[in-house]
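Based on the provided sequences and hints, a complete structural model is requested.
Protein chains in written order, with my numbering: chain A, 1 to 170; chain B, 1 to 162; chain C, 1 to 442.
There could be a bad hint or two in this list.
Computed list of lysine-lysine pairs in DSS-like fashion (alpha-carbon distance at most 30 Å, straight line) [stated by the list, open to error]:
| hint | chain 1 | residue 1 | chain 2 | residue 2 |
| --- | --- | --- | --- | --- |
| 1 | C | Lys283 | C | Lys199 |
| 2 | B | Lys159 | A | Lys156 |
| 3 | C | Lys179 | B | Lys11 |
| 4 | C | Lys237 | B | Lys4 |
Note that these hints are calculated values from the structure, not bench results.
Read off the chains here:
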Amino acid sequence: MGKIKPRAYYRETLNGGFIATKINYMLGWGRKYSLFHYPFITACCGMEYMSAACAHWDFDRFGVGMTTFSPRQADMLFVVGTISQKEAPVLKTVYEQMCEPNWVIACGACAVSGGIYDNYAVVQGIDRIIPVDVYIPGCPPRPETILNAIEKLQDKIQHQKQDWQWKIKK
Amino acid sequence: MENKKVIEALKKTFLEKVSEVPDRLGDSVVRIEKDVLFKIMEFLKNRPCEFTMLLDLTCVDYLSSKGCFEMVYHLFSISSNKRIRIKSEVRKNELDIDSLSDLWKNANWLEREIFDMFGINFKGHPDMRRLFMYEGFEGYPLCKDYPLRKRQPKIPLRKITK
Amino acid sequence: MTRIQKEARKESLLINMGPSHPAMHGTIRIMLELDGEVIRNSEVEVGYLHRGFEKTCEHKTYFNLLPYTDRLNYVSPLINNLAYVMTMEKMLEIEAPERAQYIRVIMSEFSRISDHLTALAAMTMECGAFTVFLYYIQAREEIWNFIEQTTGARMTTSYIRIGGVRADLHPDYKGLMDKAIKVTRRVLKDVKGLLDKNKIWIDRTRDVAVANPEMAVNYGFTGPCLRASGVSYDVRKAHPYLVYDQLEFEVPLGDKGDNFDRYMVRMKEMEQSIKIIEQAVEKMPASSSRAGLMAKGIEPDEAIKASRTKKAEERVNLSPNLQGSEKDVRPDILVKGKKYTVPPKEDTYTNIEGLINHFKFFMSGHGIRPPKGDVYFSVEGGNGELGFYIVSDGTDKPYRLHLRAPCFHIVSALEEMIKGHYIADIIPTFGSTNMIGGELDR
Numbered sequence: 001m002g003k004i005k006p007r008a009y010y011r012e013t014l015n016g017g018f019i020a021t022k023i024n025y026m027l028g029w030g031r032k033y034s035l036f037h038y039p040f041i042t043a044c045c046g047m048e049y050m051s052a053a054c055a056h057w058d059f060d061r062f063g064v065g066m067t068t069f070s071p072r073q074a075d076m077l078f079v080v081g082t083i084s085q086k087e088a089p090v091l092k093t094v095y096e097q098m099c100e101p102n103w104v105i106a107c108g109a110c111a112v113s114g115g116i117y118d119n120y121a122v123v124q125g126i127d128r129i130i131p132v133d134v135y136i137p138g139c140p141p142r143p144e145t146i147l148n149a150i151e152k153l154q155d156k157i158q159h160q161k162q163d164w165q166w167k168i169k170k
Numbered sequence: 001m002e003n004k005k006v007i008e009a010l011k012k013t014f015l016e017k018v019s020e021v022p023d024r025l026g027d028s029v030v031r032i033e034k035d036v037l038f039k040i041m042e043f044l045k046n047r048p049c050e051f052t053m054l055l056d057l058t059c060v061d062y063l064s065s066k067g068c069f070e071m072v073y074h075l076f077s078i079s080s081n082k083r084i085r086i087k088s089e090v091r092k093n094e095l096d097i098d099s100l101s102d103l104w105k106n107a108n109w110l111e112r113e114i115f116d117m118f119g120i121n122f123k124g125h126p127d128m129r130r131l132f133m134y135e136g137f138e139g140y141p142l143c144k145d146y147p148l149r150k151r152q153p154k155i156p157l158r159k160i161t162k
Numbered sequence: 001m002t003r004i005q006k007e008a009r010k011e012s013l014l015i016n017m018g019p020s021h022p023a024m025h026g027t028i029r030i031m032l033e034l035d036g037e038v039i040r041n042s043e044v045e046v047g048y049l050h051r052g053f054e055k056t057c058e059h060k061t062y063f064n065l066l067p068y069t070d071r072l073n074y075v076s077p078l079i080n081n082l083a084y085v086m087t088m089e090k091m092l093e094i095e096a097p098e099r100a101q102y103i104r105v106i107m108s109e110f111s112r113i114s115d116h117l118t119a120l121a122a123m124t125m126e127c128g129a130f131t132v133f134l135y136y137i138q139a140r141e142e143i144w145n146f147i148e149q150t151t152g153a154r155m156t157t158s159y160i161r162i163g164g165v166r167a168d169l170h171p172d173y174k175g176l177m178d179k180a181i182k183v184t185r186r187v188l189k190d191v192k193g194l195l196d197k198n199k200i201w202i203d204r205t206r207d208v209a210v211a212n213p214e215m216a217v218n219y220g221f222t223g224p225c226l227r228a229s230g231v232s233y234d235v236r237k238a239h240p241y242l243v244y245d246q247l248e249f250e251v252p253l254g255d256k257g258d259n260f261d262r263y264m265v266r267m268k269e270m271e272q273s274i275k276i277i278e279q280a281v282e283k284m285p286a287s288s289s290r291a292g293l294m295a296k297g298i299e300p301d302e303a304i305k306a307s308r309t310k311k312a313e314e315r316v317n318l319s320p321n322l323q324g325s326e327k328d329v330r331p332d333i334l335v336k337g338k339k340y341t342v343p344p345k346e347d348t349y350t351n352i353e354g355l356i357n358h359f360k361f362f363m364s365g366h367g368i369r370p371p372k373g374d375v376y377f378s379v380e381g382g383n384g385e386l387g388f389y390i391v392s393d394g395t396d397k398p399y400r401l402h403l404r405a406p407c408f409h410i411v412s413a414l415e416e417m418i419k420g421h422y423i424a425d426i427i428p429t430f431g432s433t434n435m436i437g438g439e440l441d442r
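So, in structure tokens, the structure goes:
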């Protein structure tokens, strides 16, 4: 269909047989359409998150609607807003409570890189603390941008290597 | 009570410790010495002045030009709808001043914020701790000699690899 | 060791409602000492969204720090802009033209409605009334559509500038404004029917977290929380600014000061705001643009070529993000004076005086340089009296800028308000104080 596939597709496809790739595809399909997300909301981008969640630009139709308030039951962390130095250990604790496989979206300029605040109190981007999958620019990003980011994440989930084979820990 | 009468009453009671500052924009501003701060605030809070609300409490750093911090208090009277601004200097070698948390309860958090940001101690405050910055933060951010971009992370940050 | 860990008795349970919690207000930490389900003592810890606003502003010029003020109370950003700009106008002793003042009133009343809608939506959603959240966010979308048509952005607009506003209202503004007002009225009526006489809502919010008038004044409450306790103080009536003394509106009061009163005061204030908007639209002076706001003109490159030979007199078609700030609309929206405002774009590109004024406004060391001194001015924000205290030393950057945040004083009373109640009472109490992290922690 002329769609440019994300780089993960080309790098990480399994060198297995037909059945392994089909199981991979099915797991990816299942995981991407039933994401339980944990909204870690701190600041102004939370208003656009609220708009994206409600009736006008609903993101429930993409499968991301279930908002869980316990990170142990979530598989996507939605970091929305500025993270200050005082909040950084809290974010790390929440991320470490999530089980594999998990994904992180950094929503808004402040979560991506510190935004307009370059001073003693703000962490210059949450990728200094936890690994991030999708970065959403904007201050605040429009709800359509958030929906586009969710679509990109779903693409990534579909084409990444799903960890379903037994691993023997050495 | 009119602001002019309030200032005259203050001058009569506290004599030379009170001086009026002329303001070109029409606000009423009074400069006082810090050792009579509590008594003046009590006088202003009770009848007949009735400044029942402490609107704001802030501090300005004049260490390089005048060698002191200047505390600024904004009081407001609902019954007579008047505002007054009171300034008081805190010298560099004795960085403490009376606390007003017995008179107005919001002074508790306002003074904690000033201690956090400037390092001024408040005598008689029930709970002198930092408010905005985390415990273990070194330095007082809003002083002019603290650099804007000095990083003091609370947890070690990751190195960014390609 | 926090204070509550030192003071707690051995047999009580210590629970932490941590910085990241489901209440959609922002990050705050409430530590509770419980005796069963009843709260014996509590401690509130703030500062998780401290972004260094006051220190950052000492390093930016007066014009550059306008976007930082948008992000303070982010549910009503235009009111923060207004508070900062009016403080600067008091210091510089200038006044905006009349049409600009009416536009400012309309924008700040819409922001106030959006603030109350968001506060009540979050408060009721956490108590279980999910429908109210969806209805209110729908009404807020219509308001934001109207704001976006004129200012260009939904939330963080930086629209209100020193000396006036950035651009005139869009020529078709009536359509979206009427739709926003119609949807807001319908939504308010629906929610009144859902919640006002609802036994569950009244049981949860009546007589919970009572703030009597002496306590409210002692703590420095202002705004809807103070008016719910019965004290009538509204900055728009007590120290009128803009054109509020020519508009008629009432100030609703509550009697007991509990959560239900704070909810009712906000609902009634929204109706009063709609009344103010309708009056302002009627009384606003007409636009003084000779050609009409969407008339055709010449293209910018032709205008630049033509200006080399003769003085440019014709109207120029500006690009879409500059529409509304053309030269013939300028006297309506911005005060005259090259020291305070950016010159019109037609002048900047076609004649040399405009170019020089543009450079001298933006060069560091030049630009807006108020006389030495300090000033305090306050407006009625969504939560109460929002004030700015600015100290200037004659240069182009402020020496000290301090914000009097209304919700700082209200949240400092939270510990006393929830004492003796249940854990489940914290949620409507905290929601009714409308804590906004950006304003509280600066």
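We went through each hint and held it up to the structure:
1. Lys283/C x Lys199/C: With Cα atoms ~43 Å apart, Lys283/C and Lys199/C exceed 30 Å; violated.
2. Lys159/B x Lys156/A: Holds, because 24 Å separates the two Cα atoms, which is no more than 30 Å.
3. Lys179/C x Lys11/B: violated, 59 Å
4. Lys237/C x Lys4/B: Since the Cα atoms of Lys237/C and Lys4/B sit roughly 23 Å apart, the hinted pair holds (cutoff 30 Å).
Violated hints, listed in ascending order, are 1, 3; each of the other numbered hints is respected by the structure.
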